[in-house]
Amino acid sequence: MKSTLNTRIVLLWLLLALLLLTACGGHNWNNPYALEDRAKNILYTVFTERPKHLDPVQSYSSNEIQFTAQIYEPPLQYHYLKRPYALVSATAKEIPTVKYFDAQGNQLPDDARAYDIAYSVYEISIRPGILFQPHPAFASDAQGNGLFHDLNQQELASIHKLSDFPQTGTRELVADDYVYQIKRLAHPKLHSPIYGLMADYIAGLREYAEVLKQVEQNRPKEKMFLDLRDYPLAGVQVVDRYTYRITVIGKYPQFVYWLAMPFFAPIPWEADRFYSQQGLIQKNITLDWYPVGTGPYMLTENDPNLRMVLEKNPNFHDEYYPSDGTPEDEENGLLADAGEKLPFIDKIVFVREKESIPRWNKFLQGYYDASGIGSDSFDQAIQLVGQGEAMVTEAMTEQGIRLETAVAASTYYMGFNMLDPLVGGVDEKSRESARKLRQAISIAIDYEEFISIFANGRGMPAQSPISPGIAGYREGEEGINPVVYDWVNGQPRRKSIQTARALLAEAGYPDGIDQRTGAPLILYFDVTARSAEDRSRLDWVRKQFQKLNIQLVVRSTDYNRFQDKIRKGNAQIFEWGWNADYPDAENFLFLLYGPQRKVGNNGENAANYYNAEYDLLFEQMKNMENGPERQLIIDRMVEILRFDAPWLWGYHPKDYGLYHSWYQNVKSNRISNNNLKYFKIDAELRAQKRKEWNEPVLWPIALILAALAISFVPAITAFRRHESGTAVHAAS
Amino acid sequence: MLSYIVRRVFYAIPILIGVNLITFTLFFIVNTPDDMARMQLGIKYVTPEAIEKWKAERGYDKPLLFNQQAEKLGKLTNTVFFEKSVSMFVFDFGRSDDGRDIAQEIKSRMLPSLAIALPVFVLGLIVHITFALLMVFFRATYIDFFGVVLCVALMSISSLFYIIVGQFLISKLWHWVPISGYEAGLDAAKFLLLPVIIGVISSAGSNIRWYRTLFLEEMNKEYVRAARAKGVSECIVLFRHILRNALIPILTGAVVVVPLLFLGSLLVESFFGIPGLGSYTIDAINSQDFAIVRAMVFLGSILYIVGLVLTDISYTLVDPRVRLV
Numbered sequence: 003m004k005s006t007l008n009t010r011i012v013l014l015w016l017l018l019a020l021l022l023l024t025a026c027g028g029h030n031w032n033n034p035y036a037l038e039d040r041a042k043n044i045l046y047t048v049f050t051e052r053p054k055h056l057d058p059v060q061s062y063s064s065n066e067i068q069f070t071a072q073i074y075e076p077p078l079q080y081h082y083l084k085r086p087y088a089l090v091s092a093t094a095k096e097i098p099t100v101k102y103f104d105a106q107g108n109q110l111p112d113d114a115r116a117y118d119i120a121y122s123v124y125e126i127s128i129r130p131g132i133l134f135q136p137h138p139a140f141a142s143d144a145q146g147n148g149l150f151h152d153l154n155q156q157e158l159a160s161i162h163k164l165s166d167f168p169q170t171g172t173r174e175l176v177a178d179d180y181v182y183q184i185k186r187l188a189h190p191k192l193h194s195p196i197y198g199l200m201a202d203y204i205a206g207l208r209e210y211a212e213v214l215k216q217v218e219q220n221r222p223k224e225k226m227f228l229d230l231r232d233y234p235l236a237g238v239q240v241v242d243r244y245t246y247r248i249t250v251i252g253k254y255p256q257f258v259y260w261l262a263m264p265f266f267a268p269i270p271w272e273a274d275r276f277y278s279q280q281g282l283i284q285k286n287i288t289l290d291w292y293p294v295g296t297g298p299y300m301l302t303e304n305d306p307n308l309r310m311v312l313e314k315n316p317n318f319h320d321e322y323y324p325s326d327g328t329p330e331d332e333e334n335g336l337l338a339d340a341g342e343k344l345p346f347i348d349k350i351v352f353v354r355e356k357e358s359i360p361r362w363n364k365f366l367q368g369y370y371d372a373s374g375i376g377s378d379s380f381d382q383a384i385q386l387v388g389q390g391e392a393m394v395t396e397a398m399t400e401q402g403i404r405l406e407t408a409v410a411a412s413t414y415y416m417g418f419n420m421l422d423p424l425v426g427g428v429d430e431k432s433r434e435s436a437r438k439l440r441q442a443i444s445i446a447i448d449y450e451e452f453i454s455i456f457a458n459g460r461g462m463p464a465q466s467p468i469s470p471g472i473a474g475y476r477e478g479e480e481g482i483n484p485v486v487y488d489w490v491n492g493q494p495r496r497k498s499i500q501t502a503r504a505l506l507a508e509a510g511y512p513d514g515i516d517q518r519t520g521a522p523l524i525l526y527f528d529v530t531a532r533s534a535e536d537r538s539r540l541d542w543v544r545k546q547f548q549k550l551n552i553q554l555v556v557r558s559t560d561y562n563r564f565q566d567k568i569r570k571g572n573a574q575i576f577e578w579g580w581n582a583d584y585p586d587a588e589n590f591l592f593l594l595y596g597p598q599r600k601v602g603n604n605g606e607n608a609a610n611y612y613n614a615e616y617d618l619l620f621e622q623m624k625n626m627e628n629g630p631e632r633q634l635i636i637d638r639m640v641e642i643l644r645f646d647a648p649w650l651w652g653y654h655p656k657d658y659g660l661y662h663s664w665y666q667n668v669k670s671n672r673i674s675n676n677n678l679k680y681f682k683i684d685a686e687l688r689a690q691k692r693k694e695w696n697e698p699v700l701w702p703i704a705l706i707l708a709a710l711a712i713s714f715v716p717a718i719t720a721f722r723r724h725e726s727g728t729a730v731h732a733a734s
Numbered sequence: 003m004l005s006y007i008v009r010r011v012f013y014a015i016p017i018l019i020g021v022n023l024i025t026f027t028l029f030f031i032v033n034t035p036d037d038m039a040r041m042q043l044g045i046k047y048v049t050p051e052a053i054e055k056w057k058a059e060r061g062y063d064k065p066l067l068f069n070q071q072a073e074k075l076g077k078l079t080n081t082v083f084f085e086k087s088v089s090m091f092v093f094d095f096g097r098s099d100d101g102r103d104i105a106q107e108i109k110s111r112m113l114p115s116l117a118i119a120l121p122v123f124v125l126g127l128i129v130h131i132t133f134a135l136l137m138v139f140f141r142a143t144y145i146d147f148f149g150v151v152l153c154v155a156l157m158s159i160s161s162l163f164y165i166i167v168g169q170f171l172i173s174k175l176w177h178w179v180p181i182s183g184y185e186a187g188l189d190a191a192k193f194l195l196l197p198v199i200i201g202v203i204s205s206a207g208s209n210i211r212w213y214r215t216l217f218l219e220e221m222n223k224e225y226v227r228a229a230r231a232k233g234v235s236e237c238i239v240l241f242r243h244i245l246r247n248a249l250i251p252i253l254t255g256a257v258v259v260v261p262l263l264f265l266g267s268l269l270v271e272s273f274f275g276i277p278g279l280g281s282y283t284i285d286a287i288n289s290q291d292f293a294i295v296r297a298m299v300f301l302g303s304i305l306y307i308v309g310l311v312l313t314d315i316s317y318t319l320v321d322p323r324v325r326l327v
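Taken in sequence, the protein lines are chains A and B. Following our numbering, the numbering of the first sequence begins with 3 at its first residue and continues without gaps. Following our numbering, the numbering of the second sequence begins with 3 at its first residue and continues without gaps.
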C-alpha cells in the first residue's frame, strides 16, 4: 500500500516535470525576450553605462549620443558611406553657405582675410513638412491650447511615465524650434558643456546668458517655465517660418560641424513648457529623460537601469539610403539598398549589460546582434594572419560572424608637462636638452609592441596628433614622423635604440646619467592605473625607459587627483587621450595651441606646450577652408610638433566590431552617431539561428536527478534503520 | 515593549548622525565638490564658471563642515553637511546630482532587489536548516563527515566563481535559462531562477556549518534526552524540539538581515542585469553622486537598526521568557 503511494507520488512529479518541459517547448528556454518578438524586425544591442542626460543641450558623452542622435535631428549630418567624412543635409535644404561681414556690416568676399572678418553669417533653411514625433506636449484642444500644459494634482495622480498620457499630438518643425534650442545653450539652469565655447562664437550668447540669469533671479519661484521666445538673442534670428540665421563672431569654418551635433537640434517650446511642470519633474518626467524629436526613432521605453527602447517615429519625414559611396562599398554590398526609405529597423532594444561575460555569451547565443571584443574574449574571436591582419576565428566563421574594423577618430598619447624644468626646460639651453630627451624617449618607447601586447593589435602607431580619416592627415612616407621613424621597404621602421641613446647623450644624460650631477636620471609618470592589467602595462613602460637607463617612478592616483595635478601642472609625464568632435585637423591641433594651456588658461592643452610659430600657424589654419594651402600649413605645424615632441604620439585605437550574418549595411563611422537608421536585420534568419544554437541540453537534468537519488539512498536507508532500531541497538 | 521601541528610536538618532558624518567625511576626502561638478559636466570644454555655477545651484559652494564666515549657529548650519543631512531625517532624499528624484528611483528599484533577495533568503533558510538538521541526524557518520567537507569546500569558493560557473553551465552550455536580464511580474521567474539557486548554494557552506553547530549543542541537552526517552521520533525531536530551542541564535543572524534585503546584492545584480538598489549604489559611487550615496547609506543604516529591533522583538516571540523593557 505504502509503496503504491510512493510510486504514485513519483509518477505525479514526473508528470509535472513533463508538463513543465512541454510548457517550455517550441522556443528556447534561455531566450531573454518575449516570445511574440521572435521574428520581428527588432535590433538588440547593449549599453553599459546609464546615460545621465538625454537633453540635447547637455548630452555629450557617447553613451548619451547613441540615443539622442537617433531622436534629434540637427540641420546637418555626415554622409554615411563617404570617406573622408563629408557633411550633408539632414533637415536643412542644403549645406548653408557662409557670408562674411566687416565691423561696419559690409559684406566681404568669400576669400576675405580672416583678420577683416568681423562676423560670419550662416543662413539655414529647413525643409517644410517635417513633423515632430507624437508627444503629449503637442496634444491640444480646439482652441489650440496645450491639453497637458497645466496639469492638476488629480490629472498627475495617474501619470507615472510618458506613455500614461491618453493623447498625443504633433506639429510641423519650424525655424523657431532651432532658434529656441540655441537659446537654451545659455539657459542658467541647464549646464551645456559647449556654452563656454559657443559664447566665444555665437554673437550675443554671453550677454543673453546674463539676461536670462537676471530674469531667472527676479521671477517668482513657483513659475517654472521660462519662455525663451520672449527674450531675443541677437546672434540667432528667425528669418521666416523655415529659415534662421546664426551670426558667428569672426571666421570659424568649423562651425558647420557643430551644426551636425544634437546641441543644435530643434526643441519645440511646447516640450519645454510641458516638462517644466513641477508635478512631472517630481515624477522624473523631464526633457532630460524623455526626448522629443523629429528623427527616425523615438524613445518609447526609458528604464536606464534595465532597458531603453527606440521605436520607429511614425511621423519621420522622407529620407533615403545613400546611393553613392566608396568603390569598396559597392563591392561590400553597402549600396544594395540605395534609394530605399529609411529607417529599415522597426524597433531598437538597448539592454543594460554591465558585465562583459554575459554580454559576450548572449552575443554568441544570438541574443545580441553585434558585439565589441573584450580582451578576455579576443583570442576566442580573432586570429591574426599574414602581416598581422585580423580575421575572425573558425568558430566565429561557422556562426557566420564577421568582423568590421575602423580606426577611431581618437588618439591616446603620453604627454610631457612642458612647464617641468627637466622635461620642458626653463631656458634656451635646458629647453634644447629637454627636447632631445623627449625625442630619445619617443624613439625608445616601442608603441608597435605596446599595441601588440596590450591592445591585441587594435591600434595604429600615431605619427602626429591627427588621426587617419581626418582632413589634414597624411599617409605613407610623407606622413611618417622622421624623428622616430625611417621609411624602409615601403613602411615606417622605428629608429634604433642607439639613435635614442645618442640623443640622450646629447641631452646631457649619457647612459641615463646626469652628467652635471652624476646621478641617475629619474623621471616621474603620473597615471590613474591601478588594476592588475595596468600593473603589467606600467612594468612594460618602465622597461621601455630602462632601455635608455632612465629610472621611471610611477605615481598612481585616482582620476580626480590626477586631473588636479594636470590642471596645476604638477605632473611630469602623463597619459591622456582625445576623441575628435568633428573631422577636422583643427580639433586635434588645438590640443597643443598655447592659449589652450591647462595651467593658467584652463584649456585642453594638457602638456602646456607653447611655440610661437605653431600658435601663429594655428590661428591662420583654423580660419581656412580645406585645401592645398591649408594642408601646407598643417604639414608645417605637424613638423614643428614632431621636432619638439611634447607628446609621445602614442596610437590611434582601432575599433573592432563583430556582427552576426543577419546584421546588414554596417560601415563603421566613428564621427556620426545617427547610423541606426541605415542598419538592416534579417529577423527570420536570426530566429532560425537562435533556435539552432540554443536547443536546451536535457541530459544533465537526468544526471542531476540520478546523482541526487543515489546520494539519498544511503541516507534514507540509514534513517529507516535508525527509526526502526531499538534503544539498546542504537546505543551500541 | 512600546517604551523599548521608542527608546531604540531615540538611540538611533545619534547613530544616524554619526553614520552620516562618517559617510560625508569619507566621501569628501576622496571627492571634492569640484570633482563632482566635473564628473557631471563632462571632461571636455568645462569652464571654471560652469563648475562654480553647478556647485552654487546644488549648495556645494559652502564650506563642508564648519563655516567660519557665518555667525553663531550659522557656523554649523550654513554648511554642506548640515544642509544635506537635515532633509534626510524627514526622508527627503532630494535629487541626484544629475537631477532625478532619488525617492522615485529607490521605489522603482526596490522590487527587483527584493525579487531576488527574498527567495534567496527564505529558500536559503529552509534548505540550510534542513541540511544542517540532517547532518546532525547523521552525526559522526560518513554522511556528516562528507557534509562538513562539502560545506568547507563551498565556503572556500568565492561567490563570483559560483556566478561565472553557474552562467557558463546552466545558461551557456545547457541553455536552460537566460544568462542575464529581468522582467517585471511573473516573467521574472526565468531570470531569477539561476541567481536564486546560486545565492542559496553560495551561502550554504557557512550557514549549514553554523546551524549544525547550534543544533549539536542542543542535541546533548536533557530535554532532548527526555523526548527520546518518551519514544518521540527523531524527526520530531529535530524539527520540533531542537529547532525551536536553537531559534534564538538563528534569528539573531537572520532577522537582522531581513530589512537589508531591500538594498539588494551588488555582485549578483551586476552580473545578472537586475536593476536593483545594489547596482544603483555602485553606479552612484562610480559617478561620484554624493546625493545617492548618502541616501543609500542612510537608508541602509535605518534598515539595519530596524533589523536589530525586529530581532529583539522576535526573541519575545520564540522565547516567552524574554521581556523587552
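Honestly, the hints are just simulated from the structure, not real lab data. Do not take every clue at face value.
In silico lysine to aspartate or glutamate, DMTMM-like type, Cα no more than 25 Å apart, as pairs [what the hints assert, rightly or not]:
id	chain 1	residue 1	chain 2	residue 2
1	A	Lys191	B	Glu107
2	B	Lys46	A	Asp617
3	A	Lys223	B	Glu220
4	A	Lys191	B	Asp146
5	B	Lys57	A	Asp166
6	A	Lys215	B	Asp36
7	A	Lys431	A	Glu218
8	B	Lys109	A	Asp166
9	B	Lys55	A	Glu218
10	A	Lys215	B	Glu59
11	B	Lys74	B	Asp63
Please read all numbers here as calculations on a predicted model, not as lab measurements.
Status of the hints after comparison with the structure:
1. A:Lys191 - B:Glu107: holds (22 Å)
2. B:Lys46 - A:Asp617: Distance ~21 Å between Lys46 (chain B) and Asp617 (chain A) Cα, so the pair holds.
3. A:Lys223 - B:Glu220: With Cα atoms ~67 Å apart, Lys223 (chain A) and Glu220 (chain B) exceed 25 Å; violated.
4. A:Lys191 - B:Asp146: The given pair, whose Cα atoms are some 67 Å apart, is violated under the 25 Å limit.
5. B:Lys57 - A:Asp166: The given pair, whose Cα atoms are some 35 Å apart, is violated under the 25 Å limit.
6. A:Lys215 - B:Asp36: holds (22 Å)
7. A:Lys431 - A:Glu218: At roughly 56 Å apart (the allowed maximum being 25 Å), Glu218 (chain A) and Lys431 (chain A) break the hint.
8. B:Lys109 - A:Asp166: Measuring from Cα to Cα gives roughly 18 Å; hence the hint holds.
9. B:Lys55 - A:Glu218: Satisfied, since the Cα-Cα distance of roughly 14 Å is no more than 25 Å.
10. A:Lys215 - B:Glu59: holds (12 Å)
11. B:Lys74 - B:Asp63: holds (20 Å)
Hint compliance for this structure: hints 3, 4, 5, 7 are broken, all remaining hints hold.
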